[in-house]
Amino acid sequence: MSHHDHSHESGCPEYRGLSRREFIASSSSLSAAALVFPDWLPRITFANNFSSTRDIIVSVFLRGAADGMAMVIPHFEPRYFSLRPNIRTPAPDSLAANRAIALDNRFSIPPAMSGLLPAYRAGDLLVMHAAGQRTNNSRSHFDAQRYMEVGKPADPDISSGWLGRHLATVPPIAAAPVLRGIGLSTGLAKTLVGAPQTLPIADPANYGIGGSATTRAARMALLKDNYEGSVNPLRAAALDAVGTIDVLSRLNINAYTPASGATYPNTGFARGLRSIAALIKSDIGLEAASIDIGGWDTHAMQDPNGGQMANVMRQFAQGLGAFWADVVSTGYRVTVVAMSEFGRNVPENGSAGTDHGRASVMFAMGKRIAGGRVYVQSWPGIEAAQLENRMDLQVTLDYRDVLAEIVQNRLENKNLSFVFPGWTPTFRGVTK
Amino acid sequence: MQQQPPKGPEKPSRRDFLRIGTKRGGSAPAGAAAPTRSAASASVTEPRTAEAVSGDAAQAKLPPLAPWTDPRMRLIRRATYGPRASDISDVKTLGYQRWLNDQVNYATRIDNSALEADVVMRWPNLSRSAAELAPLDINMLRTELTNATMYRAVFSKHQLYERMVEFWTDHFSIDINKVNHLKLVDDRAVIRRHAMGKFGDLLKASAKSPAMLLYLDQNLSRVGAPNQNYARELMELHTLGVDGGYTQRDVEELSRVLTGWTISATGEFVFTPARHDFGAKTVLGVTIPASSSTVGLEAVKEGEQILDLLINHPSTARFLATKLLKWFVTPEPTTEQVDAVAGAYRATGGDIKRMVRATLNEGWLAQAPLKMKRPYHLVVSALRNTSALVVNINNAVGVAGSLGQPMFQFLTPDGFPDGMEYWAGNITPRWAFLTTLAASTSTTTYRVNVSPYLTGTPDAALDVLNAELFGGEMAPATRTLLRNYIAGGTINEARMRETLGLALCSHEFQWY
Chain B
1 MSHHDHSHES
11 GCPEYRGLSR
21 REFIASSSSL
31 SAAALVFPDW
41 LPRITFANNF
51 SSTRDIIVSV
61 FLRGAADGMA
71 MVIPHFEPRY
81 FSLRPNIRTP
91 APDSLAANRA
101 IALDNRFSIP
111 PAMSGLLPAY
121 RAGDLLVMHA
131 AGQRTNNSRS
141 HFDAQRYMEV
151 GKPADPDISS
161 GWLGRHLATV
171 PPIAAAPVLR
181 GIGLSTGLAK
191 TLVGAPQTLP
201 IADPANYGIG
211 GSATTRAARM
221 ALLKDNYEGS
231 VNPLRAAALD
241 AVGTIDVLSR
251 LNINAYTPAS
261 GATYPNTGFA
271 RGLRSIAALI
281 KSDIGLEAAS
291 IDIGGWDTHA
301 MQDPNGGQMA
311 NVMRQFAQGL
321 GAFWADVVST
331 GYRVTVVAMS
341 EFGRNVPENG
351 SAGTDHGRAS
361 VMFAMGKRIA
371 GGRVYVQSWP
381 GIEAAQLENR
391 MDLQVTLDYR
401 DVLAEIVQNR
411 LENKNLSFVF
421 PGWTPTFRGV
431 TK
Chain P
1 MQQQPPKGPE
11 KPSRRDFLRI
21 GTKRGGSAPA
31 GAAAPTRSAA
41 SASVTEPRTA
51 EAVSGDAAQA
61 KLPPLAPWTD
71 PRMRLIRRAT
81 YGPRASDISD
91 VKTLGYQRWL
101 NDQVNYATRI
111 DNSALEADVV
121 MRWPNLSRSA
131 AELAPLDINM
141 LRTELTNATM
151 YRAVFSKHQL
161 YERMVEFWTD
171 HFSIDINKVN
181 HLKLVDDRAV
191 IRRHAMGKFG
201 DLLKASAKSP
211 AMLLYLDQNL
221 SRVGAPNQNY
231 ARELMELHTL
241 GVDGGYTQRD
251 VEELSRVLTG
261 WTISATGEFV
271 FTPARHDFGA
281 KTVLGVTIPA
291 SSSTVGLEAV
301 KEGEQILDLL
311 INHPSTARFL
321 ATKLLKWFVT
331 PEPTTEQVDA
341 VAGAYRATGG
351 DIKRMVRATL
361 NEGWLAQAPL
371 KMKRPYHLVV
381 SALRNTSALV
391 VNINNAVGVA
401 GSLGQPMFQF
411 LTPDGFPDGM
421 EYWAGNITPR
431 WAFLTTLAAS
441 TSTTTYRVNV
451 SPYLTGTPDA
461 ALDVLNAELF
471 GGEMAPATRT
481 LLRNYIAGGT
491 INEARMRETL
501 GLALCSHEFQ
511 WY
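Keeping their order, the protein sequence lines are chains B and P.
Quick note: the first sequence uses the working numbering, first residue 1, plus one each step.
Quick note: the second sequence uses the working numbering, first residue 1, plus one each step.
One should not assume that every hint holds.
Under the rule of at most 25 Å between Cα atoms (straight-line distance), these lysine to any residue pairs were calculated in the SDA-like manner [to be verified]:
| no. | chain 1 | residue 1 | chain 2 | residue 2 |
| --- | --- | --- | --- | --- |
| 1 | P | Lys353 | P | Arg188 |
| 2 | P | Lys198 | P | Thr330 |
| 3 | P | Lys326 | P | Gly349 |
| 4 | B | Lys224 | P | Pro476 |
| 5 | P | Lys204 | P | Val242 |
| 6 | P | Lys323 | B | Ser138 |
| 7 | P | Lys178 | B | Gly268 |
| 8 | P | Lys92 | P | Gly363 |
| 9 | P | Lys178 | B | Asn86 |
| 10 | P | Lys301 | P | Pro273 |
| 11 | P | Lys178 | B | Ser140 |
| 12 | P | Lys326 | B | Ala154 |
| 13 | B | Lys224 | P | Thr480 |
| 14 | P | Lys178 | B | Arg314 |
| 15 | P | Lys326 | B | Pro156 |
| 16 | P | Lys204 | B | Ser140 |
| 17 | P | Lys323 | P | Pro417 |
| 18 | P | Lys326 | P | Val338 |
Have a look at the derived ranges for each label pair, beta carbon to beta carbon [said to hold, decoys possible]:
| no. | chain 1 | residue 1 | chain 2 | residue 2 | range |
| --- | --- | --- | --- | --- | --- |
| 19 | B | Thr214 | P | Ser387 | 23 to 31 Å |
| 20 | B | Thr214 | P | Lys61 | 36 to 44 Å |
| 21 | B | Asp157 | P | Arg122 | 43 to 51 Å |
Hints in this document: simulated from the structure, not taken from any laboratory.
Quick reminder that beta carbons are idealized off the backbone N, C-alpha and C, glycines included.
Kindly generate the complete structure, drawing on both the sequences and the hints.
The structure is reproduced here in structure tokens:
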């Protein structure tokens, strides 16, 4: 084990600039003339216990096995271009208008991913290649997603998620938290299963039971009584929901104005990130958010420049790019991590797409992420003999090494053997 | 040249994992009602964490609610989309076995012709061929399919059959947005035609269903460039199950066997020899020798041979038995239960009727843990149990979607999840819909008539509620809460609608 324990006392100056507590405090102490009080801020007061230096974690899951070889191109490998005659992005030194944009001497991104460039150039975005599940080579989406989310491959008995177990083993960051974790979905992602005070909420801007305002409190009280007598997991979820309805009803997320002129595109993914941003800034004690972006199962006609792959990469990059400008660049304590269950074959298939493969890419973003570079634990190569089954990029970086380092160093949870059972992580310098 | 994946330093057993949890100390919190939790998993640091952190809440075997004692009610809760008063009187007249027998043999024993005529009149395009459907507006066709499906679930007398249609729609899940009008043909000619027939016929129909072949990219697969998508899901999701004994090599070989299975320009299944790989293949230990292209159309039999192999494979019997048991009985079927249902499959050549009968075993249902209604089930049951007058069901279809079940639009081929840990958290939007439904007097969507409840006293109203929503088995605690609510104001229509809404929102109505 080589845990690098970073001291938080020497934290980045950016953070000193604006803590959330100070943000609230300064906002309310200034006169209305000096500062327009944003009307999406909560009209409620929480106990002042934001002494924690922990980051809020946003976990992004790219569902469907994202083609890491299309998202981050190893343009130094001539064979890459010959293995993908119909679905390649031209090398960065070509003259083609849709040529890739170099991240360094070896790796580049297609134009559809350019929304991430500001974060990368600011040193806040870490790109990791040849990443995935070292100890599991299932090509089943459903098995592989499950194993990644529960944080322990090939164990059919674990049902709780890694983020669920993380939240279960740290104290809340607020005195009386209502909603510690949120999934931007209609069902609870496996990642969050087991988390206390955590709900799937597809649309936080519209969350309530409706009906007559006059009788609402009485009806809510009745439901609370009724579900007190229910059984888990429904009982816990309903009681958390009652509290969350109360808090969210006091926010006006629809009126939320992103900072730094950030523009969230009108996609489901970006709308979800926008809601997460509003919840983070409204200081309700949120500690973790999980959000999906789908559409990566590109078996056919994936076309990274104009087709499905370009479209989904653009949604991903523009959404995260807006979140970076709005939340990360403005100094909020947030770490974003993005992963996919596995990658895809390096050679294209006969349908101008790619079938299920092995390694993909991962991303981490935050002010305390050692970003601005492409990290490769060791590049496995793409010559025929270097590929797994002669088709697939080998996994050299296990996703749990990345997540465990974030959990310990950014989320201040040292219970790694509980969060990632059976795995002794090696920290790779993901955080700083 | 597959690299051996490195092993983690230790592989704790499940018991070890739970011990990790208990080491964290802290006793089970007072007041956390978790009667079914095992002591081993019920302790971490946070109150509500304790029950859930091991994740076993996911698979929790929650005992039936205490008032749910009548075995006939248990049967119709599982075999219908919410027992209506007429269902209850039927099962009480006929008894458990005869009611079940009628539902399984629905076609000859229960006249449903009035509903079918109604469906044909309302949604005339459902019976059209692929070629006829192709030029029609897909938004209109999607609306017809979703609306007709939910309408049937609400009003059909063939309730168990409709539950099986939902089961197979998930088993052979297809996202209509990828295949458009072809899903209407698949729904009719694959799912509905064989939902209570022979599994072999169902699988073979699905394997030649243009919607399925298009959905899983089989239409793109050809010699020299096989696409593995359909071949993989055919074994993983449709027959053997992910642990059913196939390998990545089998996926690759089966994808070669199926080259040439594709779709014609008019949206029909066609086998195209020019796209077929005539080389030797080995799937699951069965070798198909190389042949020459002069075999032509006969080479479709290679794929058919493998379909038969899959249909008769013991893993298929067990996989289907396990799924059916999870659908109707328990999240964790026992070996004995799986053996019994898989035995029915093998003994009858895959007769779905016989498997369903074996699954809906009276003794098993007596012990069956609670199941939570998925959004579609919840919406349908709410319309049924309130005897809602449905003018246009499209709004209710939209509600199911916004609650997490957009019909025929699950993106991935594994179908909507069925675990309560997945759905339980999204309770607020359910409450919002149920509140709206009870209040509705709409003349364009659906409306509820509460005059049957307004006969006089609060207790009279509660008796009607108990009969309509809970089959006479409402919990006393819920009755007390609702009675207090009615008594807290004037008993008028508005108060009654709110009370009905609260009864629908109660935790009991979320279970079946």
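Verification of the hints:
1. Using a Cα cut-off of 25 Å, the hinted pair Lys353(P) and Arg188(P) holds, with the two alpha carbons roughly 19 Å apart.
2. Taken as a hint, the Lys198(P) and Thr330(P) pair is honoured in the structure, with Cα atoms around 24 Å apart against an allowance of 25 Å.
3. Restraint check for Lys326(P) and Gly349(P): satisfied, since their Cα atoms lie roughly 21 Å apart, inside the 25 Å limit.
4. Between Lys224(B) and Pro476(P) the alpha-carbon distance is near 16 Å, which keeps this suggested pair within the 25 Å criterion.
5. A C-alpha spacing of about 20 Å is found between Lys204(P) and Val242(P), which places the hinted pair at or below 25 Å, so the restraint holds.
6. A threshold of 25 Å between alpha carbons decides the hint, and for Lys323(P) with Ser138(B) the separation of about 21 Å falls inside it, so the pair holds.
7. A C-alpha spacing of about 19 Å is found between Lys178(P) and Gly268(B), which places the hinted pair at or below 25 Å, so the restraint holds.
8. Restraint check for Lys92(P) and Gly363(P): satisfied, since their Cα atoms lie roughly 18 Å apart, inside the 25 Å limit.
9. Restraint check: the Cα-Cα separation between Lys178(P) and Asn86(B) comes to about 22 Å, which is no more than 25 Å; the hinted pair holds.
10. The suggested pairing of Lys301(P) with Pro273(P) holds, with an alpha-carbon distance near 11 Å, which does not exceed 25 Å.
11. Taking the CA atoms of Lys178(P) and Ser140(B), the gap is about 20 Å. The hint holds against a cut of 25 Å.
12. Distance check on the hinted pair: Lys326(P) and Ala154(B) sit about 22 Å apart at the alpha-carbon level, within 25 Å; holds.
13. Between the alpha carbons of Lys224(B) and Thr480(P) the distance comes to roughly 14 Å, so the proposed pair stays at or under 25 Å and holds.
14. Pair hint Lys178(P) plus Arg314(B) holds up; C-alpha atoms about 20 Å apart against a cutoff of 25 Å.
15. In summary, the hint linking Lys326(P) to Pro156(B) is supported, as the alpha carbons are separated by about 16 Å, within the 25 Å threshold.
16. Simply put, Lys204(P) and Ser140(B) have alpha-carbon atoms about 23 Å apart, close enough for the 25 Å limit, and the pair holds.
17. Note on Lys323(P) and Pro417(P): the hinted pairing holds, with a Cα-Cα distance of about 12 Å set against a maximum of 25 Å.
18. With a CA separation close to 10 Å, the supplied pair Lys326(P) and Val338(P) stays within the 25 Å bound.
19. In this structure the supplied range 23 to 31 Å holds for Thr214(B) paired with Ser387(P), their Cβ-Cβ distance being about 27 Å.
20. Hint check: Thr214(B) to Lys61(P), Cβ distance near 41 Å, so the stated range 36 to 44 Å holds.
21. About 48 Å separates the C-beta atoms of Asp157(B) and Arg122(P), a value consistent with the hinted range of 43 to 51 Å.
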